[in-house]
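The listed protein sequences derive, respectively, from chains S and H.
According to the working numbering, the first sequence is numbered sequentially starting from 431.
According to the working numbering, the second sequence is numbered sequentially starting from 183.
Keep in mind the hints are simulated off the structure, nothing from the lab.
Covered stretches of chain S (in silico footprint by chain H; criterion: 3 or more residues with CB under 8 Å from a CB of chain H, positions within the stretch not fixed):
hint	region
1	477–489
2	532–539
Residues on chain H that point at chain S, a partial pick, calculated with CB under 10 Å:
hint	residue
3	Ser-212
4	Asn-213
5	Tyr-218
6	Ser-225
7	Leu-228
8	Ala-233
9	Phe-269
10	Tyr-274
11	Thr-279
All of these numbers come straight from a predicted model, not from anything done at the bench.
Beta carbons are placed, not taken as given, at the ideal position from N, Cα and C, and that holds for glycine.
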Amino acid sequence: EVQLVESGGGLVQPGRSMKLSCAASGFTFSNYGMAWVRQAPTKGLEWVATISYDGSSTYYRDSVKGRFTISRDNAKSTLYLQMNSLRSEDTATYYCTREETYYGYNWFAYWGQGTLVTVSS
Amino acid sequence: DIQMTQSPASLSASLGETVSIECLASEGISNDLAWYQQKSGKSPQLLIYAASRLQDGVPSRFSGSGSGTRYSLKISGMQPEDEADYFCQQSYKYPLTFGSGTKLEIK
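Let the hints inform the model, and build the full structure from the sequences given.
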């Protein structure tokens, strides 16, 4: 069974840093691209960042580019999101997702339970 | 960025009724579209990928269709457990973008 378990969320002051982790199990982690998707309270879903299966390629939304870094440790089957210079608008539940690919189509096949990040003084 | 305009924002349906939710992309996305269901307090769950392919384990009353810029999700026979938020999402180009969501309730 595919499992994605996020950790590392909590309350953080504006301008500070936080690192999220996502422990993956039930599949060969090094075979899949992974992504972070967030959801502000009572709002919709927003893609944050994607990393390729081997970590060689990364993609970010403009609002986090230069502040957030997505990375992975395939030996530990763990995905990370390093978040620096946090802003109030980064307050959200952050979901770890596993990407699936089929003949050039892509989607988020599996989602973790999410970890809440609250940026406030 | 590709904008995904989802409609309606909310919908109320009777049990057994057929409902449709639409997503309009600001440019063609070549069927690179997925639909997700999110129940209250839970993580999103994949329903449909590649515009029309049903994810394993998803009831056959869910179906997806469309092409080019217009896509739709249909629920043929509303069930109590279908009360949820629904989101479309394109993966054709970065940044990946979601529709704003449709809240589906039982009438």
